[in-house]
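Chemist: Work the whole structure out from these sequences, hints included.
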Amino acid sequence: MQPIQLFDMAGRQAEWLSVRQEVVAGNIANANTPKYKSKDVTPFDAVLDQTYVPMARTHPAHFAANDISDEVEVKESELNDEIGVQESGNTVSLSEELTKTGEIRRQYELSTGLVKSFHSMMLMIVKR
Amino acid sequence: MDPLSASLKIAGSGMEAQATRLRIVSENIANARSTGDTPGADPYRRKTITFGAELDKASGVDVVEVKKLGVDHSKFIEEYDPDHPAADEKGMVKVPNVNMLIEMADMREANRSYDANIQTIKQTRELISATIDLLKAGQ
Numbered sequence: 001m002q003p004i005q006l007f008d009m010a011g012r013q014a015e016w017l018s019v020r021q022e023v024v025a026g027n028i029a030n031a032n033t034p035k036y037k038s039k040d041v042t043p044f045d046a047v048l049d050q051t052y053v054p055m056a057r058t059h060p061a062h063f064a065a066n067d068i069s070d071e072v073e074v075k076e077s078e079l080n081d082e083i084g085v086q087e088s089g090n091t092v093s094l095s096e097e098l099t100k101t102g103e104i105r106r107q108y109e110l111s112t113g114l115v116k117s118f119h120s121m122m123l124m125i126v127k128r
Numbered sequence: 001m002d003p004l005s006a007s008l009k010i011a012g013s014g015m016e017a018q019a020t021r022l023r024i025v026s027e028n029i030a031n032a033r034s035t036g037d038t039p040g041a042d043p044y045r046r047k048t049i050t051f052g053a054e055l056d057k058a059s060g061v062d063v064v065e066v067k068k069l070g071v072d073h074s075k076f077i078e079e080y081d082p083d084h085p086a087a088d089e090k091g092m093v094k095v096p097n098v099n100m101l102i103e104m105a106d107m108r109e110a111n112r113s114y115d116a117n118i119q120t121i122k123q124t125r126e127l128i129s130a131t132i133d134l135l136k137a138g139q
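Read top to bottom, the protein sequences are chains U and W. Take the first sequence: its letters are residues 1 to 128, numbered as in the numbering used here. Take the second sequence: its letters are residues 1 to 139, numbered as in the numbering used here.
For the record, the hints were derived by calculation from the structure and aren't laboratory data. Treat the hints with caution; some may be incorrect.
List time: in silico DSS-like cross-link candidates among lysine-lysine, alpha-carbon distance up to 30 angstroms [unchecked claim]:
no. : chain 1 : residue 1 : chain 2 : residue 2
1   : U       : 116       : W       : 47
2   : W       : 136       : U       : 75
3   : W       : 68        : U       : 37
4   : U       : 116       : W       : 67
5   : U       : 35        : W       : 136
6   : W       : 57        : U       : 100
7   : U       : 37        : W       : 9
8   : U       : 75        : W       : 67
9   : W       : 122       : U       : 35
10  : U       : 35        : W       : 75
11  : W       : 47        : U       : 75
12  : U       : 37        : W       : 90
13  : W       : 90        : U       : 39
14  : U       : 37        : W       : 47
15  : U       : 127       : W       : 136
16  : W       : 47        : W       : 75
17  : U       : 39        : W       : 68
18  : U       : 75        : U       : 35
19  : U       : 116       : W       : 68
20  : W       : 67        : U       : 37
21  : W       : 68        : U       : 35
22  : W       : 122       : U       : 100
23  : W       : 136       : U       : 39
24  : W       : 67        : U       : 100
25  : W       : 68        : W       : 9
26  : U       : 75        : W       : 68
27  : W       : 75        : U       : 100
28  : U       : 35        : W       : 57
29  : U       : 35        : W       : 67
30  : W       : 47        : U       : 35
Modeler: Listed below in structure tokens is the structure:
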């Protein structure tokens, strides 16, 4: 029997989404900061494609490099056509960031919903 | 620090920065007519505020902070009012360099940014409660 990978996938997506939420929150908070460049994370499929080989921690003082937040790269996002670079050197478009948060919420609800229904399916098997 | 708590912290810092900005705007508006009281004295000088992204060392999160509170060095407006206590020998009174239109626009922008930060907080709370709701799935 194949191992059930859905929980792992959903967990990684939730983690990726929360990293993205952090980046978007940073953009919104810095919407009026001079010279601040809008940021975004690498898309989820690119993160999934990376071969996932965590480093072994053989000593408690080693860094844990197994976090998805270390795999997700945060880089400057492309220039927004409407806003471009503002006079202050800032490139954050509030409407675009708010659209992104809506996207994040939808995806997060989808993945938690999937986990929920999968979980209840498993319980159905175990209970009766 | 996990990313969701970090978003809450970042949005909170953004709200604090915008609130300080609103305070500066209200100081400017309230003092829009604050002249001096001796002949030729300088009136109230308009205040300005700048933000900067800073790394919060305790949590390793990039937050916004008020970088600098400065003053606007543009020239004062002069009005002819010989009976005013601050009038010089030509009868001119210096009035603060506050432009109401600019202050109003600044206030609107601060308001909008504050709202955007509130949206982030609401949204992050929804993500957290969606995660917590997973525990209820077994019922």
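Chemist: Does each hint fit the structure? Answer for all of them.
Modeler: Consistency of the hints with the structure:
Restraint check for residue 116 of chain U and residue 47 of chain W: not satisfied, since their Cα atoms lie roughly 54 angstroms apart, outside the 30 angstroms limit. A hinted pair counts as satisfied when its Cα atoms are at most 30 angstroms apart, and residue 136 of chain W with residue 75 of chain U does not qualify at roughly 37 angstroms. Using a Cα cut-off of 30 angstroms, the hinted pair residue 68 of chain W and residue 37 of chain U holds, with the two alpha carbons roughly 20 angstroms apart. With a C-alpha separation of about 45 angstroms, the suggested pairing of residue 116 of chain U with residue 67 of chain W is violated against the 30 angstroms cut-off.
Between residue 35 of chain U and residue 136 of chain W the CA atoms are separated by roughly 45 angstroms; this puts the pair beyond 30 angstroms, and the hint is violated. Simply put, residue 57 of chain W and residue 100 of chain U have alpha-carbon atoms about 28 angstroms apart, close enough for the 30 angstroms limit, and the pair holds. A hinted pair counts as satisfied when its Cα atoms are at most 30 angstroms apart, and residue 37 of chain U with residue 9 of chain W qualifies at roughly 20 angstroms. Simply put, residue 75 of chain U and residue 67 of chain W have alpha-carbon atoms about 24 angstroms apart, close enough for the 30 angstroms limit, and the pair holds.
Simply put, residue 122 of chain W and residue 35 of chain U have alpha-carbon atoms about 27 angstroms apart, close enough for the 30 angstroms limit, and the pair holds. Of the supplied pair hints, the one linking residue 35 of chain U and residue 75 of chain W holds, its CA atoms being roughly 27 angstroms apart against a limit of 30 angstroms. About 35 angstroms separates the Cα atoms of residue 47 of chain W and residue 75 of chain U, which puts this hinted pair outside 30 angstroms; it is violated. With a C-alpha separation of about 51 angstroms, the suggested pairing of residue 37 of chain U with residue 90 of chain W is violated against the 30 angstroms cut-off.
For the suggested pair residue 90 of chain W and residue 39 of chain U, the alpha carbons sit about 56 angstroms apart, so the restraint of at most 30 angstroms is broken. Distance restraint check for residue 37 of chain U and residue 47 of chain W: the Cα-Cα separation of roughly 26 angstroms lies within the 30 angstroms cut-off, and the hinted pair is therefore satisfied. Annotation: proposed proximity of residue 127 of chain U to residue 136 of chain W holds, straight-line Cα distance about 16 angstroms (limit 30 angstroms). Between residue 47 of chain W and residue 75 of chain W the alpha-carbon distance is near 13 angstroms, which keeps this suggested pair within the 30 angstroms criterion.
In summary, the hint linking residue 39 of chain U to residue 68 of chain W is supported, as the alpha carbons are separated by about 24 angstroms, within the 30 angstroms threshold. As the CA atoms of residue 75 of chain U and residue 35 of chain U are separated by approximately 15 angstroms, the hinted pair is consistent with the 30 angstroms bound. Proposed proximity of residue 116 of chain U and residue 68 of chain W is contradicted: the alpha carbons are some 48 angstroms apart, above 30 angstroms. At most 30 angstroms may separate the alpha-carbon atoms for a hinted pair to count; residue 67 of chain W and residue 37 of chain U meet this at roughly 17 angstroms.
Note on residue 68 of chain W and residue 35 of chain U: the hinted pairing holds, with a Cα-Cα distance of about 15 angstroms set against a maximum of 30 angstroms. For the hint linking residue 122 of chain W to residue 100 of chain U, the alpha-carbon distance of about 14 angstroms falls within 30 angstroms, and the restraint holds. Taking the CA atoms of residue 136 of chain W and residue 39 of chain U, the gap is near 35 angstroms; set against the 30 angstroms cutoff, the hint is violated. As the CA atoms of residue 67 of chain W and residue 100 of chain U are separated by approximately 28 angstroms, the hinted pair is consistent with the 30 angstroms bound.
A C-alpha spacing of about 21 angstroms is found between residue 68 of chain W and residue 9 of chain W, which places the hinted pair at or below 30 angstroms, so the restraint holds. For the proposed pair residue 75 of chain U and residue 68 of chain W, the alpha carbon gap of about 27 angstroms is at most 30 angstroms, so the pair holds. Between residue 75 of chain W and residue 100 of chain U the alpha-carbon distance is near 43 angstroms, which puts this suggested pair outside the 30 angstroms criterion. With a C-alpha separation of about 21 angstroms, the suggested pairing of residue 35 of chain U with residue 57 of chain W holds against the 30 angstroms cut-off.
Taking the CA atoms of residue 35 of chain U and residue 67 of chain W, the gap is near 13 angstroms; set against the 30 angstroms cutoff, the hint holds. Between residue 47 of chain W and residue 35 of chain U, the direct Cα distance comes to roughly 21 angstroms. Compliance with the 30 angstroms bound is thereby established for this hinted pair.
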